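> Residue strings, one per chain:
Protein chains: 2
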Amino acid sequence: MQALEQIKFNEHGLIPAISQDFKTGEILMFAWMNRESIELTINKKQAVYYSRSRKKLWFKGEESGHAQIIKEIYMDCDNDAILLKVEQIGNIACHTGRRSCFFQKYNNNDWEKTLKIIKKPKDIYG
Amino acid sequence: MQALEQIKFNEHGLIPAISQDFKTGEILMFAWMNRESIELTINKKQAVYYSRSRKKLWFKGEESGHAQIIKEIYMDCDNDAILLKVEQIGNIACHTGRRSCFFQKYNNNDWEKTLKIIKKPKDIYG
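Protein chains in written order, with the numbering used here: chain C, 18 to 143; chain P, 18 to 143.
Chain C with its partners taken away, still in its complex shape (with noise of 0.2 Å):
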C-alpha cells in the first residue's frame, strides 16, 4: 500500500500509535503497531495494535469485548507516530476497567489514581 511505504517504523518494526475518543477527544491509550497492525486497522476498520509483551498481533477487544472502531487515522510531521480517532466500544479502553488508561495523575510528587472503574477486570476477562 502506497501510504503505508511513508510512515518510519522503528528499529524493531513498530511505530508508536495514540487511540483518542473521536467525540470527547479523551486520549483513550498508547500502544504500539507494525506494519500488519496498520493494514488490518484500515482494512477492518477496527484498532489492531502489534502487542511488544506477547510479540503478536493485538486485536484490541479480542477477549474483553471493548473493540475500538475506527473514524479517522492520522499521522505526524515526522511519519513516525500514528493517532487513531475511535468509537470505544463498552466506553472502557484500559484493561483495569477504565475509561482511558491515562488515569494515575501528577500530584505532590506521587501518582493519584483518577477514573472510576467501570468494570472490575474479572468481570470483563472472566
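Read the hints as simulated data drawn from the structure, not as lab findings.
A quick note: this is a predicted structure, and the numbers were derived from the prediction, not measured.
Be aware that a few hints might be false.
One copy or two, it doesn't matter: identical chains are merged, so the pair holds either way.
[As the list claims (entries may be wrong)] The list that follows gives simulated cross-link-like pairs (lysine-lysine, DSBU-like), each with its CA atoms no further than 35 Å apart: (1) LYS61 - LYS137; (2) LYS137 - LYS25; (3) LYS25 - LYS139; (4) LYS25 - LYS72; (5) LYS137 - LYS72.
Dock chain P against the given chain C, drawing on the hints supplied.
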C-alpha cells in the same frame, strides 16, 4: 523524587510522551522524555523533552517561543507512557507551523495534509 521511581523507562532510559491541549483536547505532539526532562517539566511547569536525534534535553519553545505550560501530568496504567495536558503558547506545537503535529490524515491510501500553516517555519526559526 518518589513519583519518578514508579515510572518505567525503556532500555534507553526514555518514556513516550503525548502532549494534549488542556482546553480543546487536541493532541499536539508525540515525543520522548528521560528522567531529567520529567523532573525539569515538573519543576519549571513547562514541557521539557529529550531529543533522540540531537541526543540532549529539548526545552520546548526554546527557539520558537512555542513553549508548553503544564496544566496536568498523567501516567498510564502500565507506568510506561506520559500525557502532558498543556497550554500551547502561540497555538503552534509543530515545527511546520501548524497547531498540531498530527495533520496528515489517512485518505484513500494516501496522507492528506490538514490544518493550515499558521506561521511559516522560516518566520518561526529565522
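> Next, verify each hint and record whether it holds.
Each hint tested on the structure:
no.	hint	result
1	LYS61 - LYS137	within (28 Å within a copy, 38 Å between copies)
2	LYS137 - LYS25	between (37 Å within a copy, 25 Å between copies)
3	LYS25 - LYS139	between (38 Å within a copy, 25 Å between copies)
4	LYS25 - LYS72	both (20 Å within a copy, 19 Å between copies)
5	LYS137 - LYS72	within (26 Å within a copy, 42 Å between copies)
In this structure, every one of the numbered hints holds.
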